[in-house]
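Got chain A; can you put chain B on it based on the hints?
There are 2 protein chains.
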Amino acid sequence: MEKKTTQNIMSMDLDEIRIMVKKHGINVCIIGIGRIGLPTAITFANSGLPTIGVDINQELVDMINSGNFPLKDEPSYEQLFEEVIKTKKLIATTKIEEAVHNSDVIVLSLPTPMIDKIPDYSALQSVAEKLGNLIKKGSIIIVESTIEPGFVENELIGIIESSGTLKAKIDFGIGVCPENANPGEIFYDFNNRPRLVGGIDEKTTAIILEVYKHVFPVELVEMPDCKTANAVKLTTNVFRDINIAFINELALMFEKLGIDTMKVLDAAKRKYNFQVHYPGSGVGGPCLPINSYQLLNSARHVGVKLSMIESARKINENMSDHVVKLTSSAFKESNNSLQNSDILILGVSYKPNVKDIQLSPAEKIISKLQNLGTNVHIYDPYFSSDTVFGIKVEDNLDDILPKMDATIIVTDHDDFKNIKISSFTKMKNPILIDTRGIIDPSSAKLEKIIFRGLGRGNF
Amino acid sequence: MEKKTTQNIMSMDLDEIRIMVKKHGINVCIIGIGRIGLPTAITFANSGLPTIGVDINQELVDMINSGNFPLKDEPSYEQLFEEVIKTKKLIATTKIEEAVHNSDVIVLSLPTPMIDKIPDYSALQSVAEKLGNLIKKGSIIIVESTIEPGFVENELIGIIESSGTLKAKIDFGIGVCPENANPGEIFYDFNNRPRLVGGIDEKTTAIILEVYKHVFPVELVEMPDCKTANAVKLTTNVFRDINIAFINELALMFEKLGIDTMKVLDAAKRKYNFQVHYPGSGVGGPCLPINSYQLLNSARHVGVKLSMIESARKINENMSDHVVKLTSSAFKESNNSLQNSDILILGVSYKPNVKDIQLSPAEKIISKLQNLGTNVHIYDPYFSSDTVFGIKVEDNLDDILPKMDATIIVTDHDDFKNIKISSFTKMKNPILIDTRGIIDPSSAKLEKIIFRGLGRGNF
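Chains as they are written, first to last, in numbering that gives the first Met the number 0: chain A, 0 to 458; chain B, 0 to 458.
This is chain A alone, in the form it adopts within the complex:
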């Protein structure tokens, strides 16, 4: 464990802090060492700062301390991980007390999920309750979790202050530096994407900037306060949810107008002031849907309506219904009943080329199809032989296709783009539903496959 420290970095001037950081004399603790928190902890430790990772998951902590890298999806971190564990620059623990008490900088990388479409900040709230008692004078707390604008100012500070005796701005500093990483690309993003830094006062912001400058080789964008930084993070993500919804809604209309949305977008993206987004079976993952509900929650608190975001969520969540509708219509055309049919879901990840099913539209599509009496099978190379949504994932596409009536492409993993269209003719029926625009409708027609493409009205 790192040296005990009694220093108060808030009482130092910035030059002193800069020197302390360079001498690796600042102790860091990362609370929450999951998907984002562990890469964050590795990055801090690799910069030379003594780093301790805290998690309630004893199994994860043991795995990390014994040098077993838990993030197979982020292989770029494997070697760095081994180094910082071997040199004990990074250690993990479940003991938050000791870790926090010995740290100058406390980074919170805790999950902010939803329950019934309401953001759930209980992990942050319960850690904040502990922090009031545990932090030493002069500590800087940095929230990397994605939170609503105002959550630090109106909630976290109050919890920390009322659970201890320390006062914000005087005895401790608090700020935010929202993580900016895409699952599967965390190493690239941590080393390339600008990061926002905002604190409750200028001093706190300046200290965080000094520390992060040392750790992350990226542009740090100084924000006037915490809430503005969080507003930026949510605005940029929800922008995508909004625009996918816009295109999804157009795609449904273009189907009826006999227009191929993919051809529209291919031409549209040549326009200098248009940014292309693609239609699909829904928007999932650990960020976008939750970020939209976070802004809706903020709006509720101040009594305004965000009708664009409300509409967007509704549209994107209903796309799974449309996928089922396309499937029914294809079965009707083939004079086959959905009841007892065998349907293969191609891809369960919420986005291509990652192993991640958080809020994936596949889940809804599967459950709706099962409610219609179909037997749902899954093929997804990222989950070979795993059990996903209660279904054992197939490990050989060629073996399973001849037993299927229909295939629905839900995720556009790159692997799927190489499947020959003729492979699908091996199905009993054969019916092919493409929700991601990766199949050329005319090639499916040539192979006499009964085809439906989401948003593709013209074939």
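Simulated from the structure, these hints should not be mistaken for lab results. Fair warning: there could be bad hints in the mix.
[What the hints assert, rightly or not] Listed next, the in silico SDA-like pairs over lysine to any residue satisfying Cα-Cα at most 25 Å (straight line):
(1) K416(A) x N272(B)
(2) K268(A) x Y277(B)
(3) K268(A) x Q6(B)
(4) K135(A) x Y187(A)
(5) K268(A) x F186(B)
(6) K255(A) x K268(B)
(7) K71(A) x V392(A)
(8) K255(B) x R299(A)
(9) K268(B) x V217(A)
(10) K402(B) x L337(B)
(11) K168(B) x G456(A)
(12) K304(B) x D320(A)
(13) K262(A) x G302(B)
(14) K444(B) x G149(A)
(15) K268(B) x K367(A)
(16) K367(A) x G157(B)
(17) K447(A) x P223(B)
(18) K354(A) x E332(A)
(19) K270(B) x E309(A)
(20) K331(B) x D320(A)
(21) K135(B) x A122(B)
(22) K262(B) x P74(A)
(23) K324(A) x G302(B)
(24) K354(A) x D414(B)
(25) K367(B) x S328(B)
(26) K304(A) x F273(B)
(27) K270(B) x R269(A)
(28) K71(B) x K391(B)
(29) K354(B) x G302(B)
(30) K262(A) x I420(A)
Same frame as chain A, but now just chain B:
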């Protein structure tokens, strides 16, 4: 006038057409020579093709034929205009019969306005009715006006066929090449922006491509049909209406959360997959609002709902109410009554640096303020001494400011960015409302101006 022609270009092969175009042996007629149609006609004529411009406006036709350039906003065309008029490569007429009958290519550049938020295609419809009788065999009709996807296929062709004896695809070709020009930047756009070309069949598309390749030095994007081309045009424009609405709605929330939207956007635009749009007092102009209503009209025809676009229109149209609300609140703060106050509107154009008030939010703001009993004045250098919305436009800002209680910046003309903040202190009150984020709120505060910035919660 150009040579009488009896040739049938549809019966030629593409090589013959290419040669005819190069030899300037294709006669062109542009119906509608207004803001977009005249630059189009000049461009055709300048390419060497004998061009005749048709308009019902006798005054405009006379002006053009006498060599008086009518588009002061598009000065880049002035010299070209003089050349093609002098050499008689371009002539104007009100006589559609003669013009159409002698033309191989007929370009329609007619307005498609709205009446009560419903697109009004009557100009196109009534010209189409005439075309059935007037076109000679082998003519190619090209619609440049922005229309709904399917309008050519489901409506225009029928009108042309039923008003004469010629059959589409056999006796005449029809296609679209939606204009892609921004008022004020038409020359640049015509010489740089890709254009979409779609025809009712491959031959028609190919002929249009040959002709346009000769006339416009830009990438021509071949579309599978007319409706897809029109869908692209509308999608790219409505994308902007949607995204402005998204930011407008956030701006209203950020005001309540004490967040400065401009600071949010300044940081957000550094993110690689975010495209910035700015909040404001509304979305006007000859394109965006109408394009949104065109897509809504298409949706109505096929019985689908486009809730994103519906919401966007509502939000953007209500922004003028918010401007009035900000104004009232500033008057309240200054303990002054709106009744009988003098308010200066800075900028009436729908966008900066053009002379164009089509669907400008200024109109609604002015009428709402007048209904509240205020005396509204206008300063806009593009309309000096003109009468706009029934108000004589001031021609000297320094003279008028001391007589004003408040100023509302509605349009962010570049000129206005150079006004010193201290100028506004000359007002009686002084109250300043900035709907375009061009004033630094802290500088207004320093000058003791009562300030409201749209979307700017933090000052």
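Below or equal to 25 Å on CA atoms is what counts here, so check K262(B) against P74(A).
Answer violated: K262(B) to P74(A) is near 36 Å, above 25 Å.
Take the C-alpha atoms of K255(B) and R299(A), compute the straight-line distance between them, and say whether it is at most 25 Å.
11 Å, holds
Restraint status (C-alpha distance of K135(B) to A122(B) at most 25 Å):
21 Å, holds
Starting from K268(B), check that the Cα of V217(A) is at most 25 Å away, please.
16 Å, holds
Hinted pair, alpha-carbon criterion (25 Å max): K255(A), K268(B). Please report holds or violated.
Cα-Cα ~35 Å, so violated.
Would you check the hint for K354(A) and D414(B), treating anything up to 25 Å between C-alpha atoms as holding?
53 Å, violated
Hinted pair K262(A) and G302(B), Cα distance within 25 Å
Given that 25 Å is the threshold and the Cα spacing comes to 23 Å, the pair holds.
Holds or violated: K304(B) with D320(A), Cα cutoff 25 Å?
Between K304(B) and D320(A) the Cα gap is close to 15 Å, so the pair holds against 25 Å.
Does S328(B) sit within 25 Å of K367(B), going by the straight-line distance between their CA atoms?
Roughly 15 Å between the alpha carbons, so the hint for K367(B) and S328(B) holds.
Holds or violated: K135(A) to Y187(A), with C-alpha atoms at most 25 Å apart
34 Å, violated
Distance restraint between K304(A) and F273(B), which requires alpha-carbon spacing of 25 Å or less:
23 Å, holds
Does K268(A) pair with Q6(B) here, judged by a C-alpha cut-off of 25 Å?
This hinted pair is violated, its Cα atoms lying about 39 Å apart.
Figure legend: structure checked against the earlier numbered hints; hints not met, in rising order: 3, 4, 6, 15, 16, 18, 20, 22, 24, 29.
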